[in-house]
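S.K.: Here's the letter readout for the chains.
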Amino acid sequence: MTPERAYPLNAWYPAAWSHEIGHALFARKICDQNVVFYRRQDGAAVALEDACWHRLLPLSLGRLRGDEVVCGYHGLVFNSDGRCSFMPAQKTINPSACVRAFPAVERHRLVWIWPGDPALADPLKLPDFHWNDGTEWVGEGGTFVSLQCDWRLVVDNLMDLTHETYVHAGSIGDEAILEAPFEATHDESTATLTRWMIGIEPPPFWGKQLGKPAPVDRWQIVRFEAPAVVVGDVGVAPTRTGAREGDRSQGVNGAFLAALAPETATSCHYFWNFVRTFKRDDEGLTRALQSAHVNDGKGVYDQDHRILEAQQRAILENPRQPFYNLNIDAGALWARRLIDDLVARERPRAVAE
Amino acid sequence: MTPERAYPLNAWYPAAWSHEIGHALFARKICDQNVVFYRRQDGAAVALEDACWHRLLPLSLGRLRGDEVVCGYHGLVFNSDGRCSFMPAQKTINPSACVRAFPAVERHRLVWIWPGDPALADPLKLPDFHWNDGTEWVGEGGTFVSLQCDWRLVVDNLMDLTHETYVHAGSIGDEAILEAPFEATHDESTATLTRWMIGIEPPPFWGKQLGKPAPVDRWQIVRFEAPAVVVGDVGVAPTRTGAREGDRSQGVNGAFLAALAPETATSCHYFWNFVRTFKRDDEGLTRALQSAHVNDGKGVYDQDHRILEAQQRAILENPRQPFYNLNIDAGALWARRLIDDLVARERPRAVAE
Amino acid sequence: MTPERAYPLNAWYPAAWSHEIGHALFARKICDQNVVFYRRQDGAAVALEDACWHRLLPLSLGRLRGDEVVCGYHGLVFNSDGRCSFMPAQKTINPSACVRAFPAVERHRLVWIWPGDPALADPLKLPDFHWNDGTEWVGEGGTFVSLQCDWRLVVDNLMDLTHETYVHAGSIGDEAILEAPFEATHDESTATLTRWMIGIEPPPFWGKQLGKPAPVDRWQIVRFEAPAVVVGDVGVAPTRTGAREGDRSQGVNGAFLAALAPETATSCHYFWNFVRTFKRDDEGLTRALQSAHVNDGKGVYDQDHRILEAQQRAILENPRQPFYNLNIDAGALWARRLIDDLVARERPRAVAE
Chain A
58 MTPERAYPLN AWYPAAWSHE IGHALFARKI CDQNVVFYRR QDGAAVALED
108 ACWHRLLPLS LGRLRGDEVV CGYHGLVFNS DGRCSFMPAQ KTINPSACVR
158 AFPAVERHRL VWIWPGDPAL ADPLKLPDFH WNDGTEWVGE GGTFVSLQCD
208 WRLVVDNLMD LTHETYVHAG SIGDEAILEA PFEATHDEST ATLTRWMIGI
258 EPPPFWGKQL GKPAPVDRWQ IVRFEAPAVV VGDVGVAPTR TGAREGDRSQ
308 GVNGAFLAAL APETATSCHY FWNFVRTFKR DDEGLTRALQ SAHVNDGKGV
358 YDQDHRILEA QQRAILENPR QPFYNLNIDA GALWARRLID DLVARERPRA
408 VAE
Chain B
58 MTPERAYPLN AWYPAAWSHE IGHALFARKI CDQNVVFYRR QDGAAVALED
108 ACWHRLLPLS LGRLRGDEVV CGYHGLVFNS DGRCSFMPAQ KTINPSACVR
158 AFPAVERHRL VWIWPGDPAL ADPLKLPDFH WNDGTEWVGE GGTFVSLQCD
208 WRLVVDNLMD LTHETYVHAG SIGDEAILEA PFEATHDEST ATLTRWMIGI
258 EPPPFWGKQL GKPAPVDRWQ IVRFEAPAVV VGDVGVAPTR TGAREGDRSQ
308 GVNGAFLAAL APETATSCHY FWNFVRTFKR DDEGLTRALQ SAHVNDGKGV
358 YDQDHRILEA QQRAILENPR QPFYNLNIDA GALWARRLID DLVARERPRA
408 VAE
Chain C
58 MTPERAYPLN AWYPAAWSHE IGHALFARKI CDQNVVFYRR QDGAAVALED
108 ACWHRLLPLS LGRLRGDEVV CGYHGLVFNS DGRCSFMPAQ KTINPSACVR
158 AFPAVERHRL VWIWPGDPAL ADPLKLPDFH WNDGTEWVGE GGTFVSLQCD
208 WRLVVDNLMD LTHETYVHAG SIGDEAILEA PFEATHDEST ATLTRWMIGI
258 EPPPFWGKQL GKPAPVDRWQ IVRFEAPAVV VGDVGVAPTR TGAREGDRSQ
308 GVNGAFLAAL APETATSCHY FWNFVRTFKR DDEGLTRALQ SAHVNDGKGV
358 YDQDHRILEA QQRAILENPR QPFYNLNIDA GALWARRLID DLVARERPRA
408 VAE
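Chains as they are written, first to last, in this note's numbering: chain A, 58 to 410; chain B, 58 to 410; chain C, 58 to 410.
It cannot be assumed that every hint is accurate.
[Said to hold, decoys possible] Below 30 Å or equal to it, Euclidean Cα-Cα: the simulated DSSO-like pairs (lysine-lysine) are: (1) 86/C / 355/B; (2) 86/B / 355/A; (3) 269/C / 86/A; (4) 355/B / 336/B.
[Said to hold, decoys possible] Chain B stretches covered by chain C per the calculated footprint, using a threshold of three residues with CB under 8 Å from any CB of chain C: (5) 119-126; (6) 363-372.
Read the hints as simulated data drawn from the structure, not as lab findings. Yeah, the Cβ is synthetic: ideal placement off N, Cα and C, and Gly gets one too.
Taking the hints into account, I'd like the entire structure generated from these sequences.
M.R.: Laid out in structure tokens, this is it:
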């Protein structure tokens with residue numbers, strides 16, 4: 058089964074953490090396009106096609122001179138708009154000589170790029186990812202660079218937390234998740250899965266954070282914003298303190314954050330974080346939460362990592378229609394449908410339509 | 058040259074040694090199909106499709122619970138017939154939810170599976186491999202897992218022992234093999250190559266085992282049973298003691314055993330053994346014979362291993378019709394014809410036929 | 058973008074240094090053909106198809122017996138014309154049993170082979186590479202075996218020395234190259250790029266070799282001989298001593314030599330040397346020049362190596378028409394045109410032409 062492009066191009070995708078982009082050349086493939094990144098002296102992030110107009114050498118193998126990129130082969134120079142400003146041994150510059158410049162915006166500690174039509178790249182369309190900006194919510198995440206799976210498998214994974222029971226048995230997994238009813242809702246650009254577990258024993262992690270006797274009400278409200286962001290609002294509060302009705306003041310609240318960029322049809326970059334509003338100054342807890350998620354193969358996201366890559370290999374090997382669905386897939390199915398709609402809109406239409 | 062499927066599916070293939078299958082999940086690809094194996098508590102060997110019905114995750118990444126397999130992603134449970142017996146967060150189980158169960162039979166210290174139509178899987182069709190059962194004949198073999206060649210190249214190799222002279226010069230190879238006439242016979246499911254070398258100096262190995270003065274009569278009677286088993290009855294006896302006529306009582310007799318399973322069109326699993334009826338209690342000899350065959354690259358089968366993989370690479374690189382044939386290929390040609398017939402019978406027929 | 062064959066077959070290509078070929082089997086792929094080389098006892102270099110007629114096993118896995126090759130699988134023997142002279146266990150040899158013998162000529166310390174029609178293999182068509190013969194010019198070069206790029210990218214690289222300024226900044230690179238006018242000429246089998254820099258400061262290397270005060274005249278006369286050889290006549294002389302007019306007696310003169318063989322459409326073997334007519338007995342300088350070019354990743358050719366392989370990867374990834382051209386590409390464009398003409402002549406013609 059040869060995979061075909063299954064991501065929209067006209068969308069903002071996360072390309073790098075802000076701290077990854079300095080005044081130096083940095084290469085990453087996004088949506089099957091090689092991109093070179095750097096930060097101008099005025100601080101603006103730049104994203105250019107990573108292939109010289111002349112002979113295709115990756116510009117990332119060259120060097121910066123001021124705010125311009127010098128190709129490492131024949132010295133052609135490109136400015137941050139991608140326009141060629143110098144050609145070796147000739148006075149006249151071919152006016153068509155340029156490399157593609159991708160719209161790039163820095164927001165919420167990430168640099169986002171728009172791989173599609175630049176005329177459509179409206180910063181107002183950036184997804185809501187404010188939880189990651191380091192102000193109200195705190196946490197330090199990380200990146201799975203070139204995770205070897207279709208990015209949509211990560212969306213599936215996050216939109217159904219039933220898997221916690223099996224993949225993450227012993228930490229955040231809990232049989233109660235299986236028994237709790239859930240609700241899947243959606244609008245034209247988001248899909249949300251809401252699950253409340255009322256009056257349960259908290260799983261060990263949450264019990265410890267809350268520091269109050271059981272029972273608790275536990276919530277998981279996972280929201281997908283098409284095409285590339287998932288935010289999971291999670292937490293517990295003592296039962297009958299009004300959490301479900303809106304008063305979480307007695308509880309503890311966290312959020313898992315995922316911003317995804319396809320790298321190829323079968324690989325992606327996964328920028329993740331886990332942030333919280335409780336114990337915000339506890340840096341030891343911040344570090345502990347980071348290493349609980351990713352820790353040299355032993356974190357809970359490392360477990361997902363293994364599952365996701367194994368699933369991708371299985372899909373590539375298996376000729377049958379890949380997926381059957383269960384009730385638990387309701388959230389993922391809505392997310393997939395929103396993605397499919399965005400992709401479909403970019404397909405060339407037949408003339409007669 | 059893209060190789061196409063060249064193995065019949067309606068056949069018993071060796072999948073594992075009995076000792077490889079315990080009460081634990083074990084994965085192996087047979088005939089381009091990922092299979093997960095385990096042993097039930099009643100001792101029966103089970104072989105299931107190694108891909109969850111739901112999201113294709115290999116079941117071998119999950120765990121056993123009693124005699125059932127729990128998927129490591131969302132916890133679906135499958136019994137040893139492949140039928141789903143539990144789905145997370147729902148009461149009703151989709152009646153079509155199952156994974157494929159392959160007929161599996163344990164015989165002669167190997168587990169055999171039938172990758173084709175289960176309705177045709179008759180244990181009476183198991184090939185004769187009784188030499189391997191550890192009773193009358195003794196020996197300890199091994200496995201080349203994922204040998205990187207078309208399994209039929211191994212059949213070719215074993216059906217023509219002329220190669221001993223060149224590949225195995227210095228151990229079992231002998232110029233006498235080249236000069237001895239041989240006879241190739243066949244019936245509808247077997248091909249046999251018979252070669253008698255009368256009144257010769259024995260090669261060093263056989264001379265030592267016999268422990269009597271030369272000359273000897275040496276025999277090689279190699280029998281292919283379609284599609285996947287080759288057994289070579291080999292030995293020497295003092296000349297003029299009636300070995301050719303049937304009385305081997307003065308001689309020493311061994312048998313090389315090969316049971317083959319295609320893994321893909323260009324790789325296979327090769328279960329081998331060398332067994333004997335002489336010095337049956339000599340465990341040192343058993344170990345010596347094992348390491349004479351496979352020993353970290355230095356055994357005689359290691360030599361074949363290198364030749365076979367090099368040959369496969371050459372076939373993939375070489376656009377010409379791969380093979381010309383010599384007289385020595387008579388046995389291999391009959392074996393190939395029997396295999397081709399089995400494959401041809403499984404091809405869809407044109408309606409008008 | 059799947060690359061297609063872009064090299065002529067009817068041409069002499071360098072296959073190995075003379076010192077690489079002894080009385081032993083030696084394998085190398087040239088023009089997508091596996092070739093086994095050896096030297097006969099009379100000293101002649103032999104090049105045979107590296108695949109046994111019988112079962113395709115590489116003959117290079119066999120052994121020499123006198124001047125003949127014995128296959129390592131079944132012992133077929135081939136003489137240095139590629140004709141089979143022995144088959145196991147049979148008296149009659151199939152008269153069509155042979156492997157291909159490639160015309161091979163040893164000249165100027167290299168062994169050259171003709172992968173195309175042997176009837177056309179005229180030694181008079183060998184390219185001029187006399188600079189490499191170790192007599193008038195001295196130097197010790199090396200080989201990039203299986204450089205992972207289309208051989209024509211190396212031709213491009215050598216036919217435009219502007220890249221020295223960027224790839225080799227700090228050693229032989231010089232801004233003066235960018236400002237100097239150059240001339241591109243050609244005839245039916247060669248293309249030549251000539252650049253004179255008059256009255257300049259010499260770059261460090263040349264200043265040191267000359268050992269006289271600046272300014273100097275510097276020349277670069279790079280000559281491509283289709284399809285596979287590039288020779289760069291380079292040097293400096295004190296200005297106004299008549300170098301441009303033909304009297305180089307006051308100067309120092311070197312030559313970079315490149316003989317190229319396609320391995321596949323996207324890899325090649327690059328036999329290089331840098332030779333000189335000055336300080337011919339200075340063996341320390343010979344070694345220093347060799348390691349200035351290739352030295353565990355730190356030489357100037359190592360820098361080109363990285364660039365060329367990165368460029369090839371970019372071409373394979375990039376769907377757009379790969380190349381735009383600059384004025385500096387004039388020499389490379391003529392070289393490419395000569396190559397294209399040779400390839401075009403070998404294409405089958407339509408009947409109606």
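S.K.: Out of the numbered hints, which ones does the structure contradict?
M.R.: 3, 5
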